[in-house]
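Undergrad: As a plain string of letters, each chain reads:
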Amino acid sequence: KNEVEQSPQNLTAQEGEFITINCSYSVGISALHWLQQHPGGGIVSLFMLSSGKKKHGRLIATINIQEKHSSLHITASHPRDSAVYICAVGYGGATNKLIFGTGTLLAVQP
Amino acid sequence: NAGVTQTPKFRILKIGQSMTLQCTQDMNHNYMYWYRQDPGMGLKLIYYSVGAGITDKGEVPNGYNVSRSTTEDFPLRLELAAPSQTSVYFCASSYPGQQKETQYFGPGTRLLVL
Chain P
1 KNEVEQSPQN LTAQEGEFIT INCSYSVGIS ALHWLQQHPG GGIVSLFMLS
51 SGKKKHGRLI ATINIQEKHS SLHITASHPR DSAVYICAVG YGGATNKLIF
101 GTGTLLAVQP
Chain R
1 NAGVTQTPKF RILKIGQSMT LQCTQDMNHN YMYWYRQDPG MGLKLIYYSV
51 GAGITDKGEV PNGYNVSRST TEDFPLRLEL AAPSQTSVYF CASSYPGQQK
101 ETQYFGPGTR LLVL
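First to last, the protein sequences are chains P and R.
Per our numbering, the very first residue in the first sequence carries number 1; after that it's consecutive.
Per our numbering, the very first residue in the second sequence carries number 1; after that it's consecutive.
The hints are simulated quantities; they were obtained by calculation from the structure and are not laboratory data.
Computed from a prediction, not measured in an experiment: that's the story for all the values here.
Treat the hints with care, as some may be off.
The calculated DSS-like cross-link candidates involving lysine-lysine, where the alpha carbons are at most 30 Å apart (straight line), are [said to hold, decoys possible]:
1) P:K97 to R:K57
2) P:K97 to R:K9
3) P:K55 to R:K44
4) R:K44 to P:K53
5) P:K97 to R:K44
Bound conformation, chain P alone (with noise of 0.2 Å):
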């Protein structure tokens, strides 16, 4: 079983529309990451939490540490936002290691 799971692997959707991407942890980490692939490769930090919410313009990121798990929110989705969204855990103390989940493919249909 991987540390970090995230659902759905895949997920298709129409502009518009509310998405929700989910991520598991099993470790003790110091703070969980929510990162963006572009279909060019390149990847960029959206937010990075370690309890409540963070929200950035229509992207919303929530942690609940009890339970392990965050979700990653994109509400009135855009093709836009057709990317691969990864998760991501920081472990390792000062080092800011991190281990990666898989990631899902989110494709934004016009």
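Chain P is fixed; fit chain R onto it per the hints.
TA: Coordinates of chain R only, in the frame set by chain P:
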């Protein structure tokens, strides 16, 4: 700032050849990392460094070597390329401080070993 840059973007190697993947960051980040990404798998940590002169192994270090002589540069060396090293390689960096846990990624190097 250019951020994290990697060269080359793409390379084909023959089995047994050697090469160095270059990574440079201009953000004065102490921490740097090398990952590989294989289809259907999460990124795996190869090596990391917490500062100039200090490196350590990650999850999948076999077949690779690194050095960190300056804060800016963190090259990854493949000594005897094998088909199992066909992958996309990402370099990342982060700065210990207020934003210490956000990692900034380079654009990646796609390597094909034939």
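Undergrad: Which hint numbers doesn't this structure obey?
TA: none
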